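Enquirer: Single-letter residue listing:
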Amino acid sequence: MEEVDAEPPLVVVPGADPASRQLCFEWGPAEVLVCETRFDRGGGGDAAPGSSRVFVVRRDQDIYIQTLRKLFNESHGIFVGLQRCEEELAGKSRKAQLVQVSKNYRSVIRACMEDMHRAAAATRDPALHSQYSTQVSILSAMELIWNLCEILFVEAAAAGPLLLRLLDWIRLHVCDVDSMVREVLSSENPSKHKLFWNVVDVFVLQGRMDEARHLLSKEASANPTSMSMYKVLDDLMMKMPVPNLGNTQTLTELELKWQHWHEECQRYLRDGTFASNPHMESICKILGGDENAMLEKKELLTTWYHFLVTRLLYSHPTVKPMELHFYAQSSMDLFLGEESSPEPLDTILMAAFEFELHQVIKECSIALSNWWFVAHLTDLLDHCKLLQSHNLYFGSNMREFLLLEYASGLFSHHSLWQLGVDYFDHCREYGRVYLELHIERIPLNTEQKALKVLRICEQRHMHEQVRSICKIMAMKALRNNRLGSALSWSIRAKDAAFATLISDRFLKDYCERGCFSDLDLIDNLGPSMLLSDRLTFLGKYREFHRLYGEKRFSEAAKLLLMLMTAHIAPCSFWMTLLTDALPLLEQKEVIFSAEQTYELMQCLEDLTAGKPDKQKLLDDDVEIMKVEMLRLALARNLARVIVKEGTLEGS
Amino acid sequence: MEEVSARFVAQKISKARWRPLPAAALQPPDIFATGSWDNEDNRLALWAVGELGSGEYLGEPQLLCDIGHDGDVMDMQFLDQERIVAASSTGSVTVFRHHQNNQTLSVNQRWEKAHYHVDQDTSCGGAACTGVICNNPEIVTVGEDGRINLFRADQKDAVRTIDNADSSTLHAVTFLRTTEILTVNSIGQLKIWDFRQQRNEPSQIFSLTGERVPLHCVDRHPNQQHIVATGGQDGMLSIWDIRQGTMPVSLLNAHEAESDCSKVGMQFLAVLKM
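Top line first, the protein sequences correspond to chains A and B. Start counting the first sequence at 1; every next residue gets the next number (full-length UniProt numbering). Start counting the second sequence at 1; every next residue gets the next number (full-length UniProt numbering).
Just so you know, the hints here were simulated from the structure itself, not pulled from any lab data. Predicted model only: the values in this text are computed from it and were never measured. Every residue, glycine too, gets a C-beta built ideally from N, C-alpha and C. Do not rely on the hints blindly, as some may be mistaken.
To be verified - What follows is a list of derived Cβ distance ranges for each label pair:
#, chain 1, residue 1, chain 2, residue 2, range
1, A, Cys175, B, Ala16, 38 to 44 Å
2, A, Lys494, B, Ala16, 54 to 60 Å
3, A, Leu334, B, Gln62, 34 to 40 Å
4, A, Glu26, B, Gly210, 30 to 36 Å
5, A, Asp176, B, His99, 44 to 50 Å
6, A, Asp176, B, Gln81, 50 to 56 Å
7, B, Glu60, A, Asp17, 48 to 54 Å
8, B, Val249, A, Glu628, 54 to 60 Å
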């Protein structure tokens with residue numbers, strides 16, 4: 001047995017009391033059924049058993065949140081698009097395409113986050129509000145992790161651009177300070193605002209040099225005495241070398257420039273240029289890469305990864321991807337200090353910085369309550385060819401495993417099952433088997449839904465499932481006495497056995513009542529009559545009745561005979577057919593020819609002789625009388641027809 | 001090409017209908033109703049897509065109001081400017097009223113067991129009401145139980161019920177004349193019923209030649225009452241002339257899957273004739 005990665009959380013099922021009734025449980029595809037058995041634990045034996053209750057315990061509540069449906073639907077579209085796009089593009093363009101896909105996923109997460117935020121603001125129910133707020137923070141954490149994975153794995157930014165991407169990442173996600181920034185910028189006299197220096201610090205920490213300089217210039221104009229200091233600082237900020245994306249400088253050039261600039265910063269600090277203004281001094285220290293100065297601004301940094309990026313910006317701007325984890329670990333230790341231990345989000349980000357893909361996926365799976373995030377991320381990383389294709393011990397690879405789990409979860413939702421189908425389609429090894437098992441278990445409460453499910457099965461040539469579903473619908477129809485519906489379902493499934501069953505039902509009705517029900521169906525069978533022998537017989541028999549009603553006796557006679565001699569009619573029905581022949585035999589005009597009469601006699605003899613329980617048959621008075629009447633009628637007809645056929649015409 | 005604006009709603013929509021305009025109106029319709037299906041809570045909603053004075057659209061449709069609906073919305077029709085009739089998968093038919101002053105929807109009338117399977121003990125599940133058509137104040141509904149009901153909007157009981165009108169499921173219904181309706185079923189037959197006659201038999205039956213493909217939808221030509229189009233399960237669109245013959249006049253291969261005709265299909269027909 002494998003070791004557990006984390007302690008399983010305890011879930012209390014409200015209402016289930018193991019102390020009073022013994023409970024049993026059973027696993028379902030996405031939930032556990034817990035039910036009360038009849039054994040009751042109470043000491044006294046006179047406790048009334050009562051009815052048993054069944055509790056459905058679901059782990060994943062998220063798929064039932066309305067606002068998240070957009071996430072599932074839109075990401076489904078992106079997923080299918082990714083699977084279908086051709087792999088002919090190679091190298092840079094392929095990478096650009098994958099980065100675009102990643103950005104699409106992220107924008108969907110963001111859109112969902114905004115919807116959820118709006119819903120949280122609009123609701124007045126505190127429980128709902130807290131649920132939405134939790135969801136917003138989960139979504140924002142997901143986007144944070146996804147963005148980092150995009151930078152490190154999908155785009156695989158190299159040293160230089162790596163820093164710029166990380167800066168963007170930070171600016172996008174550390175937004176606790178946004179309101180403060182807005183407040184100061186929109187005030188009449190920003191430089192007099194008490195939070196002015198905080199905002200300048202924020203800009204410096206996030207590497208937003210232009211905005212910092214802009215604010216400082218306002219301060220400079222208000223305070224002309226410290227003009228010289230401002231000029232120096234402004235100059236320093238302007239000259240700061242940053243990696244650019246245009247490839248106009250190599251890494252070595254950047255290194256050199258940056259070393260030079262760094263030394264300049266240190267010189268100003270040593271000379272005490274900014275000694276008279278503590279704010280500017282601390283800014284200069286930060287520019288020089290002083291970690292303690294940065295740590296003093298902890299509340300503005302808010303997170304250890306912000307600290308990490310700022311540190312990298314001001315001490316190692318040409319950091320290589322593989323070196324990140326050194327800095328990451330030390331940043332986290334320095335920032336968090338001794339008081340707090342890392343949270344799940346921190347461990348995930350750390351694993352990402354260490355380029356431990358499997359660790360990232362594993363940690364995310366544990367931390368998040370449904371498979372959406374890990375399934376889509378793993379699929380994207382698989383397309384980037386970053387996951388080794390080693391097989392997990394239960395047979396499929398990681399991508400397929402996660403997609404199968406996610407899609408199975410979708411199938412347990414009454415409406416999202418249609419999305420799950422496409423996910424199964426793109427799992428090469430087990431997808432089809434899973435789909436076959438799941439699709440049969442979708443509850444079909446209307447014919448329309450059954451038709452939709454059938455179309456999915458037919459498109460994928462899942463003949464077993466088509467037959468099974470049609471049989472279920474046909475059986476339901478039969479029980480509700482909708483024989484026409486039952487027949488149309490068995491035609492769709494090309495189910496001859498069921499068609500035979502339905503025809504037998506019709507024939508039984510006829511024998512009991514003496515007339516056909518549902519004539520509109522039988523009269524209009526058309527080519528579907530050929531589906532089963534019994535059905536053909538039914539159609540032809542009805543035709544016989546019609547011909548008789550229209551007084552086309554000779555045609556009716558021929559048909560009747562054909563039904564018996566060609567063995568279309570079941571043996572059990574021969575007696576009825578022969579009895580039907582009786583009125584034809586008794587007609588004034590001779591209908592059956594001699595040949596035909598002999599054949600009828602043959603049939604009668606076969607019937608009475610061949611029966612194993614002919615004793616029983618002959619014991620029944622009505623039967624004996626019928627047989628005798630038939631014999632008499634046949635003999636009389638034979639007599640008449642011999643005479644008629646023997647008579648020469650016109651003489 | 002006109003601009004397309006889309007709006008995401010977190011539910012699967014089964015039917016959408018424009019609100020009918022008063023006869024003298026010149027502008028295009030601006031309010032439509034949608035009904036959802038396959039949800040635990042299904043909803044019927046009204047949306048506005050308006051034009052500002054200068055002719056610009058408001059962008060995506062705006063939700064005016066919605067109301068919960070018991071069961072899937074199988075079919076929906078506007079009875080008049082303010083009332084909508086919805087057919088449910090539970091077999092009930094509901095008339096909703098739209099109050100324009102405060103933009104709310106409320107239930108005006110409901111017929112609970114419009115469609116059901118007869119023998120409650122052995123019956124297997126309910127019978128969905130599959131189609132509804134209105135000709136104010138009359139409402140005709142058909143269902144999986146093969147029953148046809150004729151209701152009047154203000155009467156509690158059905159005016160006329162034809163039990164066992166069909167041994168298979170009736171999928172759709174349309175009015176031919178004020179007293180005649182046309183139904184299609186799942187064994188490929190069209191039947192005309194005349195309410196003036198007392199017997200519970202169709203006055204005419206038409207069938208497809210060849211395979212008895214289930215017919216899913218039907219609509220009548222807006223100007224020529226004897227031309228009718230039906231859509232079948234195999235995506236075949238058939239045009240029938242009910243004055244002559246019992247077979248379709250022409251067959252067109254429209255879709256790959258089960259189709260849903262509506263008045264749009266009839267516009268296409270008019271273009272074809274020209």
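Enquirer: Hint says 48 to 54 Å; check whether the CB-CB distance for B/Glu60 and A/Asp17 agrees.
Expert: 51 Å, holds
Enquirer: A range of 34 to 40 Å was offered for this pair. Does it hold for the Cβ distance of A/Leu334 and B/Gln62?
Expert: 52 Å, violated
Enquirer: Return holds or violated for the Cβ distance of A/Asp176 and B/Gln81 against the range 50 to 56 Å.
Expert: The hint (50 to 56 Å, Cβ to Cβ) holds, given that A/Asp176 and B/Gln81 are roughly 52 Å apart.
Enquirer: Given the hint of 54 to 60 Å, check if A/Lys494 and B/Ala16 actually sit that far apart at their C-beta atoms.
Expert: Since the Cβ atoms of A/Lys494 and B/Ala16 sit about 35 Å apart, the hinted range of 54 to 60 Å is violated.
Enquirer: Taking the CB of B/Val249 and the CB of A/Glu628, does the distance hold inside 54 to 60 Å?
Expert: 57 Å, holds
Enquirer: Given a hinted range of 44 to 50 Å, is it respected by the beta-carbon distance of A/Asp176 and B/His99?
Expert: 45 Å, holds
Enquirer: Between the beta carbons of A/Cys175 and B/Ala16, is the distance compatible with 38 to 44 Å?
Expert: 39 Å, holds
Enquirer: Could you check the hint for me, namely that A/Glu26 and B/Gly210 are 30 to 36 Å apart, CB to CB?
Expert: Since the Cβ atoms of A/Glu26 and B/Gly210 sit about 49 Å apart, the hinted range of 30 to 36 Å is violated.
Checked against the numbered hints above, the structure violates hints 2, 3 and 4; every other hint is satisfied.
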